[in-house]
Amino acid sequence: MIAALCYEFRMQVRRPVLWVVYGLTLAALIATFGESYTMLDLGRGGGHDPKAAMVTSATITMTLLPIVYGCMLADRLVRDRRLGVAAILDATPSGRTGRLIGKYLGTCAATATPFAVAYFGRAVVWVIMEGRPAALGWSALMFLLGIVPGLLFLGALSVAGPLLMPPLLFRVLFAGYWVWGNLIPATMMPTLSHTVFAADSDYVPYGLLRLRMPDGMSTTGPWPGASLNLLRPVATPSVALLWIGLMVALAAAVLSLARLHTALTES
Amino acid sequence: MRIQISGLSKTYKGGVHALAGLDLDVPTGMYGLLGSNGAGKTTLMRILAGILKPTSGTVRVGGHDITTPDGRLAVQRTLGYLPQDLGVYPDLTARRFLDYIALLKGLDSRPTRRRRIGELLEVVALTEHADRRLKGFSGGMLRRVGVAQALLADPRLLVVDEPTTGLDPEERIRLRTLLSQLAGDRTVLLSTHIVDDVAQTSRSVAVLAKGRLVFQGKVGELTALAGRRVWNVTTSGPPPASGRIVSALPDGAGTRYRVVAPEPPAPHAQPAEPTLEDGYLALMEELPLKRGQSRESIA
Ligand SMILES: Nc1ncnc2c1ncn2[C@@H]1O[C@H](COP(=O)(O)OP(=O)(O)O)[C@@H](O)[C@H]1O
Ligand SMILES: [Mg+2]
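Line order of the protein sequences matches chains A and B. Residues 1 to 267, numbered by the numbering used here, are exactly what the first sequence covers, in order. Residues 1 to 299, numbered by the numbering used here, are exactly what the second sequence covers, in order.
The following block holds chain A by itself, in its conformation from the complex (with noise of 0.2 Å):
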């Protein structure tokens, strides 16, 4: 599990292919939302304070590069067939579903690497800009329990997803996916936005590092006259754990799939 672990992060992270696409993609995204990267401000206020501002940069990198994160990991499963390796490393006497754990977290950590460094060199600027290096810390915070839970559920997905379909085909789905489950609003037809199932959710900030928002600002709770209300608590400490919960469980179970997938299409 560790040596498939390392090998799949140097072999991804390697690929100039990922760092371009990423760097393109957040030109894009400094392009979209012009003053907002720049002050760190959704009209929501708090774009000088450390943990609002975080959060908010958070909101950002989330709408895009989660599309290019996925994308970029669709081929990382099923290339071992592809190119034939596959029967090398099954023909090893390491155990597979070690052998798909370690891949998957390696090839997932490589793939978040570029978005990492996209998101805390941002926190870096801020706290240039800004002088207050509370930030850093925020920013880890918002990070590891706001971001990660999320993209542990979306590489489990990616990974596995391209063993059902082409992975192009899998790359146009996953970025409707994105759209449809995660950034348009709740109100404009029945989605997973804002809801406990949504990878990009804003319970963690709201429910776990207690931000607070002026009033009707709030993207976490009920929406008025939107469908699947139920799925969408007012945000509180446990409800932020719940989201934490349902991401890496989500995770297993796609992962779980996967391995019995491969299992059943052995022969």
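Mixed in with the good hints there might be a few duds.
Part of the chain A face toward chain B, derived, beta carbon under 8 Å [unchecked claim]:
| # | residue |
| --- | --- |
| 1 | Ala3 |
| 2 | Tyr7 |
| 3 | Met11 |
| 4 | Leu83 |
| 5 | Val85 |
| 6 | Ala87 |
| 7 | Ile88 |
| 8 | Glu266 |
Rather than coming from a laboratory, the hints here were simulated on the basis of the structure. Since we're looking at a predicted model, the values are computed, not measured. Glycine is no exception: its CB is placed at the ideal position from the N, C-alpha and C atoms.
Based on the hints, put chain B with the ligands in the right spot on chain A.
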């Protein structure tokens, strides 16, 4: 290390009977496995490598039952496998790739790994290319990387599937010489559809056809199947109508045909010394007949 196979069958999804009730005993040393494309060689090798589960039958390798999870692990610990469609990670160097596989094979100590990989790169003559990325390697070089990865754990059993296919003659000879040298106290099971590869390396051979074992014995015995069945016919007229033509060489005004046939294929046919290839062809010629007989004897 001895391989004992009995009643081994593999039916793929979709109903292809790739192996049908195979019984085979493979002793230590170099062992050739001959068969045309689709005969079931790769299926057998994948089962031996623990990648594929048989539909029925038993396979024991060095006493371990490969169909149980523990047995499979035990066999995989002492197994080297060179798959037919060998693939590598193109962006890793040869040394890195070998290091990854060595880790998966349980060579946990870094100095041991480093030493072993250095030795094996020497054995397969790739030391000077060790730190180049695999995407620039030729087919022959990749095959040698494949041999090196198979040898990492100093296996008692080497399973090599069509290692010479697609190589130029020099690389082919080099590879099969290497495999012969490796045999020594190991069991090397070499599958191929190229008769010459077996002739040049093995003393014992088994022949697979359509998932069944049709011959098992010494190379000389397979050659002997063509005894008094190989003929040279020189003619300027049409080729001989009966038997199987092995070769046709221009000879003066006519053509000299080499023919495998039970009876002289032409009045002036000259008997010739059989080769392993002739024996293989003679066996293949006889097959439908033999099958028919055995079916009758069952009925
Ligand atoms: N994964 C598979 N699924 C279905 N049929 C297969 C599969 N692999 C091989 N076969 C079939 O099984 C038979 C034996 O194939 P194989 O073992 O590859 O033979 P060989 O290696 O001697 O050429 C062939 O008819 C082949 O088409
Ligand atoms: Mg084959």
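Evaluation of the interface hint that places Met11/A against chain B, nearest CB under 8 Å: Status holds, d = 6 Å.
Interface restraint verdict for Ala3/A against chain B (beta-carbon cut-off 8 Å): Since the shortest Cβ distance to chain B is 3 Å, the answer is holds.
Hinted contact Tyr7/A with chain B - closest CB pair below 8 Å: For Tyr7/A, the interface hint holds, since the closest Cβ of chain B sits about 5 Å away, which is under 8 Å.
Status of the hint placing Val85/A at chain B (closest C-beta pair under 8 Å): holds (5 Å)
Interface hint outcome for Ala87/A [beta carbon to chain B under 8 Å]: OK, holds: Ala87/A within 8 Å of chain B, min 4 Å.
Residue hint Leu83/A, partner chain B, criterion CB-CB below 8 Å: holds (4 Å)
Supplied contact hint for Ile88/A, tested at 8 Å Cβ to chain B: holds (6 Å)
Chain B contact restraint on Glu266/A - CB to CB distance below 8 Å: holds (7 Å)
Checked against the numbered hints given earlier, the structure satisfies every one of them.
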